[in-house]
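Undergrad: Knowing the structure of chain Z, use the given hints to seat chains X and Y on it.
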Amino acid sequence: MTSPLLTVNGLNSFYGRAHILADVDLQVGAGEVVALMGRNGAGKSTTFRSIMGLVEQRRGALSFGGADISTAEPFEIARLGLGYVPEDRRIFTELTVMENLEVGRQPARAGSPTWTPERLFDLFPNLAEMRDRPGGRMSGGEQQMLTIARTLMGNPRMILLDEPSEGLAPRIVEMMANAIVALKSQGLTVMLCEQNLHFAALVSDRAYVIEKGRIRYQGTMAALQADDEVRRAYLTM
Amino acid sequence: MAALVVESLVKSFGGVRAVKGTSFTVDRGELLALIGPNGAGKTTTFNMVGGQLHPDSGSVKLEGRELVGLTPRAIWRMGVGRTFQITATYPSMTVAENVQMVLLSHHKRLLGWWTPAARQFRAEALELLARVGMAVQADRPSSVLAYGDLKRLELAMALANEPRLLLMDEPTAGMAPRERVELMALTADLVRERGIAVLFTEHDMDVVFAHAHRIVVMNRGEIIADGTPDAVRNDPHVQEVYLGSGAMFHGEPQGKAVVS
Amino acid sequence: MGFYVTQFMSGLAQAATLFLVASGLSIIFGVTRIVNFAHGSFYMLGAYMAYTVSDVVGGFAGFWGGIVAAALAAGVIGVVMEMVLLRRLYRSPELFQLLATFGVVLVIQDLALTIWGPEDLLGPRAPGLEGRVRILGQAFPQYDVFLIVLGPVVLALLLLLFKWTRWGTLVRAATQDREMTGALGVNERRLFTSVLFVGCALAGLGGALQVPREAVNLQMDVSMVVEAFVVVVVGGMGSLMGAFLAALLIGQLQAFGILIFPQITLVLVFLVMAVVLVVRPYGLLGKPPAAARGAAHAPEAPLRPAGLPAKLFGVAVLAVLLLLPVVAGQYALVVLTETLVLVLFAASLHFMMGPGGMVSFGHAAYFGLGAYAAGLLTKHMDGGMLAGLVTAPVLGGLGALLFGWFCVRLSGVYLAMLTLAFAQIVWSVAFQWTAVTGGDNGILGVWPAPWASAKWVYYYLTLAVVTGAVLMLRRAIFAPFGYAMRAGRDSPLRSEAIGMDVRRLQWLAFTAAGAMAGLAGGLYAYAKGSVFPTFLSVPASVDALVMVLMGGVQTIAGPLVGAAVFHGLETEVVRYTDFWRLILGGIIILLVLAFPKGIAGAADAWFGSGRSAEGRA
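Protein chains in written order, with UniProt numbering: chain Z, 1 to 237; chain X, 1 to 260; chain Y, 1 to 617.
In isolation and in its complexed conformation, chain Z is listed as follows (with noise of 0.2 Å):
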């Protein structure tokens, strides 16, 4: 790994008098697929939401592509680059796909690819059928990609991807993970949280495993896969 991207160092976060994380370390470089593995409530969710800036009670030196983002505002992260894709897609049901899209458009950013709706149609052709219709009247597939979609659109260099195969059938889940090695191949870097071991394996070059708030294992994502005994503690496949 070359000089990081994002780089996590301590991250505590709270809700409320709940200790969620407990001094999280990651570092992500430029261009790399990372899992983020580990059970319901182990802290994936938390992680990502506190990395951007959308959890309250957090601290910890958080620094994206030289950055530091410890205390800044999400829009403020969004803008230095830094994608979300929430877990449960929360898509502008009242809005079409285009004005989905608008919403997430940012300036074009040097050494990041530049999206365009129709660059993102090619990736997600089913899209490209539907511009002009409601994000609330399309399948649980199609908001998925939308999803996705609009978060590109803010032509980021690194995308925070949680559980993208959660609630989809299996053809479209095969679907998300063409799509990502796509855009891996475009030099975007990704980070993905997921539970789904053969979909995190298919896309993602190493893992982290997070239980309990606390980062327990990390490695390559062949490494883990050879690793019965961290599986059976921390994924129980």
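If you're looking for bench data, these hints aren't it; they were derived computationally from the structure.
Incorrect hints may appear among the rest.
Said to hold, decoys possible - Distance condition first, Cα-Cα at most 20 Å in a straight line; then the derived EDC-like pairs of lysine to aspartate or glutamate:
{"#": "1", "chain 1": "Z", "residue 1": "Lys184", "chain 2": "Z", "residue 2": "Glu56"}
{"#": "2", "chain 1": "Y", "residue 1": "Lys163", "chain 2": "Z", "residue 2": "Glu87"}
{"#": "3", "chain 1": "X", "residue 1": "Lys61", "chain 2": "X", "residue 2": "Glu7"}
{"#": "4", "chain 1": "Y", "residue 1": "Lys163", "chain 2": "Z", "residue 2": "Glu102"}
{"#": "5", "chain 1": "Y", "residue 1": "Lys287", "chain 2": "Z", "residue 2": "Glu94"}
{"#": "6", "chain 1": "Y", "residue 1": "Lys379", "chain 2": "Y", "residue 2": "Glu572"}
{"#": "7", "chain 1": "Y", "residue 1": "Lys528", "chain 2": "Y", "residue 2": "Glu338"}
{"#": "8", "chain 1": "X", "residue 1": "Lys108", "chain 2": "Y", "residue 2": "Asp501"}
{"#": "9", "chain 1": "X", "residue 1": "Lys20", "chain 2": "X", "residue 2": "Glu222"}
{"#": "10", "chain 1": "X", "residue 1": "Lys61", "chain 2": "X", "residue 2": "Glu30"}
{"#": "11", "chain 1": "X", "residue 1": "Lys20", "chain 2": "X", "residue 2": "Glu193"}
{"#": "12", "chain 1": "Y", "residue 1": "Lys163", "chain 2": "Z", "residue 2": "Glu94"}
{"#": "13", "chain 1": "Z", "residue 1": "Lys212", "chain 2": "Z", "residue 2": "Asp132"}
As the list claims (entries may be wrong) - Not everything, but these chain Y residues come out facing chain X in the computed CB check (under 10 Å):
{"#": "14", "residue": "Gly65"}
{"#": "15", "residue": "Ala301"}
{"#": "16", "residue": "Pro302"}
{"#": "17", "residue": "Leu303"}
{"#": "18", "residue": "Arg304"}
{"#": "19", "residue": "Pro305"}
{"#": "20", "residue": "Pro355"}
{"#": "21", "residue": "Ala479"}
{"#": "22", "residue": "Arg486"}
{"#": "23", "residue": "Ile498"}
{"#": "24", "residue": "Met500"}
{"#": "25", "residue": "Leu508"}
{"#": "26", "residue": "Pro539"}
Even glycine gets a Cβ: it sits at the ideal position worked out from N, Cα and C.
TA: Chains X and Y alone, transformed into the frame defined by chain Z:
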């Protein structure tokens, strides 16, 4: 014997036929999985059985009695329990109180003005919670539960009125792999013990193939397959519209072959 | 014929103003989810500021420049309100924001009084549009023609703004999910501020344009905010087209209502609103509200029976209340008696608002019905006090039974507006049916029975009844009925799925709350010795709401604390200063900022009692 008999259900929304004449049966003690692509008509079918939607035509019979035309309330009182895709519990109550609420409704005690609710049916509630492994958490606020535990709580709530049919909408959505297996194993045990019929929808094929006794596959409002897990898994039509290459479930991933 | 045509056109002109104000209200609500009670105040400020500019500068430039300046200034004041106040409250319970804007209403009223004085101000005619056109032989003001044209023009501009500009798209996105909008790189804080600017500027514009048509006065704010609410709700929250149609409808109702039923124009408006909401629960063009994301509140903690310290504290308070007459003077006893009555009034509102999840903007209707039950019994049937105190909850309960049947078919702000509509109808009946109710003069001589006529005796009677009633409400909250209410509020989906008839439960809760408010009204009538229509007016309903919100909706003790603090403040502040609104409003705003969970809620968090020991996992 068939506990649930669904016959020729039809439902349209604004001229679009969402369900085009669905028929299937579920036996007592049987776990029937209803699977298919997003938007195939699974949820619509589900809601017609539960009474949230009224079919344009067709019939739903529970042990010989017609359910079509009844309210969800009446259907529940006839013995149909339900869990939701996104858990629906009472966050302002403790775990035990959530179950007590169901028991109070089952015993028609909701209008009581005097005896504190927390003291009524507590023993029964604790027993149900023990059955799903939640007894130790009985007095925690349900708003602080981990998602997997909320699902267990929902299961206990669904069992509280001794249902004959259990409707489970994506019961393992949002759960970790081991929790999924545990929850479905628990469900299977309870179903066998009590002779309950279960109709569930699910996207996790590991869960479906491991626990369903029979599988019905829907696509574009129609049933395209109805059979044992093995038969469905090997059905080329089902593979084409829904299952894909199989890389996303059963056993180890198949390298990076699907990635073009 | 010509007369009717000009009357129709006059209704259209009125509709234009209504639409301007209502569209601003609708836009602000859509994005911020804040029910901006101060919206009428911006309308009033717009009128005053336009008057002043026109007065100082004079002429064509002064008039038209004044209108533009007033609109911009109202927008800027809206921005200040957002940045100083509302911004800190986006994560507070929804109604807390309403409470804060109510504080702003009070502050602006006193400021306007100080700056512009109490007299009505008559503005100039619009330069360039002073004349009249003849329509079918009838003279019609040119200025009104201008307004009739302006309404659709503003509608078209707003629709274009929201549909075709990036700002509009972002606003619509933020309306649905503000957190996600921020995570996509949109500075949602600035977006909200800009929305407040646009919304308040529209209100200011509406007020400024009204200067040539009616005298500028200090009552413009509340009357307009109520009408604007009606328009927004009838049209459907968040629908500009709906607001426009509703403004046309209400404008015509007012224009022709004056001719046909001059007495009950207001009732007519509310009656139409009630009919629209019963037929279309989300207004003419409204859709069921999608749950807005990104403003999650901490869940309410489970109910715990009072621990020993809390019980001891309760006993201590009761002991103090029992001993007070020994030391308190006559005046203090009167204030204490009234406070106790208001405690019951607030507790009854809390019962339906807290566990029941039904917010009422018109709870005074049932309080007033109780008071009138006592008053009418005394006046027409020579009934005694005990008969009055029995009839009061019965009449309050019957009123709630009737109105509640309609109200529980709706939810949220729509339900609240329907309660307001019914309260206005009851108020109008009390106000207009002079033969029976005495109208504005009220009913006098409603005194307690001779044995209870001493202040201290009546105080003890009130203390006994209120304590009993409050304990009964508390008992019900812990009983299955209260649990069922909370179940229906927490998850209607789950509740229906476990065989509960949520609507019927809500109806019963609504009725019980009405009966208890009626009882409080009865007690109040005998304490005051008289009954007036003001007992069931909008300000009385707002008082109850403020008391509950001040105390905190999520705690049972909240309304008790809120009523005591509010009434105490009101009484004391009025005694010592002319600027009571300014001070009361300021205190409300400070309290809201200091205790975003209510006074009792804050105390609860400090002293713990284990209720909030567990956060969210």
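Undergrad: Determine for every hint whether it applies to the structure shown.
TA: Taking the hints in turn, this is what the structure says about them:
no. : hint                : verdict
1   : Z:Lys184 x Z:Glu56  : violated (31 Å)
2   : Y:Lys163 x Z:Glu87  : violated (28 Å)
3   : X:Lys61 x X:Glu7    : holds (8 Å)
4   : Y:Lys163 x Z:Glu102 : holds (12 Å)
5   : Y:Lys287 x Z:Glu94  : holds (11 Å)
6   : Y:Lys379 x Y:Glu572 : violated (33 Å)
7   : Y:Lys528 x Y:Glu338 : holds (9 Å)
8   : X:Lys108 x Y:Asp501 : holds (11 Å)
9   : X:Lys20 x X:Glu222  : holds (6 Å)
10  : X:Lys61 x X:Glu30   : holds (16 Å)
11  : X:Lys20 x X:Glu193  : violated (35 Å)
12  : Y:Lys163 x Z:Glu94  : holds (12 Å)
13  : Z:Lys212 x Z:Asp132 : violated (43 Å)
14  : Gly65               : violated (52 Å)
15  : Ala301              : holds (6 Å)
16  : Pro302              : holds (5 Å)
17  : Leu303              : holds (8 Å)
18  : Arg304              : holds (9 Å)
19  : Pro305              : holds (7 Å)
20  : Pro355              : holds (9 Å)
21  : Ala479              : holds (5 Å)
22  : Arg486              : holds (5 Å)
23  : Ile498              : holds (5 Å)
24  : Met500              : holds (5 Å)
25  : Leu508              : holds (7 Å)
26  : Pro539              : violated (32 Å)
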